[in-house]
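Asker: If you follow the hints, you should be able to join the two separate chains into one complex; please do so.
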Amino acid sequence: MRIIGYVCSHAGYPAADLAGEEGRRYSPDVVLIRLPCLGRLDVLHVLKDFRQGADAVFIAGCLEGNCHHHYGNFEARKRVDQAKAILDALGLGGKRVEMFHVASNQGLRFKEIADIMAERAKELGPNPLGGRE
Amino acid sequence: MIIGEQKPLKEICEMLEGHKRILVAGCRSCVAICLAGGEKEVGVLAESLRIHSDLTGNGWEISEYTTERQCEKEWVAELKDLVAKSDAVVSIACGVGAQAVQAMYPTVRVLPGLNTSNMGAPEEPGVFMEKCGGCGDCVLHLTGGICPIVRCAKSLLNGPCGGSQNGMCEIGHDTPCAWEQIYRSLKQLGRLDLIEKPIPPKNWIPSRSGGPRRIVRPEAVMTKEEKEAGR
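As they're listed, the protein sequences go chains A and B.
Residue numbers are given in my numbering: position 130 of the first sequence equals residue 130, and the series is strictly consecutive.
Residue numbers are given in my numbering: position 114 of the second sequence equals residue 114, and the series is strictly consecutive.
Isolated chain B (complex conformation) (with noise of 0.2 Å):
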């Protein structure tokens, strides 16, 4: 899931300056899951702005719209009435969402009111931890099923640094040292010869660069012909 955080509630009132009548978007996955954008933070944060707005007698006008995921136009679509009558939306969704509903409604500003930071999962309640970093070029089949590209700090392949100390990374004693968690893990899978396989220099090709990455699966997109019969 993606894991964000909610901004400084002063620095979405001041991206809110000029604007009256604004929309608190929020989305019921991945950001609700962290509590941070979901229908529970959306009415905390729009009750804020309504105290701020009282406070200051700037005047907003606040409504508040939680989508089953905003990063889907067929979703995203239900906050049409509401966008008409908004100058403004504040999405904490994840950037995702915010980007989703500034496309499908390009003439009305949508401010982050997140900042989505991670891929990760929940470790315990409150508590969420990257786990992922989108390489793509996954390597977990040879390392116990644990990412050393972003749970390892430095993100190596082949083996711990000397940084590590009873089971810990140096960059904090809260942060388990990921080969530590590895070497574990296929000790207890019984494959500890894959540790003594080289990683070979990965392939970033995937990753970073080339811009925004696409993925295509041609069974799923619509033809000329579906398109237009769907008219």
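Just chain A, same shape as in the assembly (with noise of 0.2 Å):
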């Protein structure tokens, strides 16, 4: 399995980073992409994922109304909805995206959303596309 994770730099990665200071144990197939704030995060980049054989892509930012760059988690939830709509529509499922709001100081909450989206690959089964590219 592979799946990717978008995390912003002032929420998502610091609560992966504590969930491995903490000495949380989730799916070693999740793999990290850190971005300065998840408004970056663009539906082209969920489709490439995709493209290349990604079974679940999630995005895990900033708590509601609490972004550090005020509304960057709601513009992501937008991309977000725009990608499931598109892979839908392409018969991969949108179920395969999801967002997920998470502070800096929630270790566990983070070990959660990576084990929910492995539990999700693994009932959705792999990506058709899988080792395209």
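To be clear, the hints were calculated from the coordinates, so they are not data collected in a lab.
Accuracy of the hints is not assured; some may be wrong.
[Claimed, not checked] Simulated pairs of lysine-lysine, DSSO-like, Cα-Cα distance not exceeding 30 Å:
hint : chain 1 : residue 1 : chain 2 : residue 2
1    : A       : K122      : B       : K131
2    : A       : K95       : A       : K84
3    : B       : K131      : A       : K95
4    : A       : K48       : B       : K154
5    : A       : K78       : B       : K10
6    : A       : K48       : B       : K131
7    : B       : K154      : B       : K131
8    : B       : K40       : A       : K84
9    : B       : K20       : A       : K48
10   : A       : K84       : B       : K7
11   : B       : K7        : A       : K48
12   : A       : K78       : B       : K7
Answerer: What follows is the structure in structure tokens.
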């Protein structure tokens, strides 16, 4: 399995870091991509991930109303909705991508997010495009 | 600017059946502003088509290019090499752009990836509103800079109908009554006298009669001698 997680520098990444410091275990298939802010996320990033074989993609950033850059997390949510619609139209399934909110001091929550997506990727089965590029 | 929105992906994929080498062509002008056919949307559509191709195994080869303006021959000429390698072009410019590409490359099928809607402007990020009907006989000088032809659901020229309530049109609560807006605009301009001036029945001849409309600016038309000298 390959699960891509986009995390912001102010919440998602520190939460992942904390999960590591706390010794919390989650799927080794999760690969994190750190963005300065989730507002940078583009639907094209998500589509390229799936074309290159990702089984699931999650986006984890600041709690609602608490974005370091005011509304980058809300921007990301709209991109995620857009990606879901495209993946549904293509038949890959919009459920393969999901948006989560997490605070920098929530290591446990980060582990839960990684577990949720690992479980979902397992349920949905491998991406039919896996291993193409 | 011209406003449009992308056709559903399924419809675009169906149009492309039977083709192999596909160029997705966008435009950096109006349709880029309305987030329907600019460079970014070209990238997303091209990637979506690649995924569709990989999933169905139909072997599409997708290339992408965005011109500055797809409605002008000078910019459409940039597509020459890519079109030569393609057997279909999906244009996500407006209908004018798609036709310009087809006219310039008549041996390759040009398919519209966009539904062209209207002439309008952004109201706020992501919201685009029709503002001009291109009727060819402008009355904005009498109506406080607000077009009654397209912004009034009934295209009334001499005041509101009985259906407006609290400043909104009866067709929907998100549509302001154009004549309420006209009244407020003229009041602000100190020209409420204009609202009492009857606008006579409109001359629709410059609008939709007589086929495609053509405007000629003689000072810009190249003479025979100029054309010969330029060869």
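Asker: Hint by hint, say whether it matches the structure.
Answerer: Results for each hint:
1. A:K122 - B:K131: Violated, because 50 Å separates the two Cα atoms, which is more than 30 Å.
2. A:K95 - A:K84: holds (7 Å)
3. B:K131 - A:K95: violated (39 Å)
4. A:K48 - B:K154: violated (47 Å)
5. A:K78 - B:K10: The given pair, whose Cα atoms are some 21 Å apart, holds under the 30 Å limit.
6. A:K48 - B:K131: violated (37 Å)
7. B:K154 - B:K131: Roughly 14 Å between the alpha carbons, so the hint for K154 (chain B) and K131 (chain B) holds.
8. B:K40 - A:K84: holds (17 Å)
9. B:K20 - A:K48: holds (21 Å)
10. A:K84 - B:K7: holds (17 Å)
11. B:K7 - A:K48: Within the cut-off at roughly 21 Å; holds.
12. A:K78 - B:K7: Status holds; Cα separation ~19 Å.
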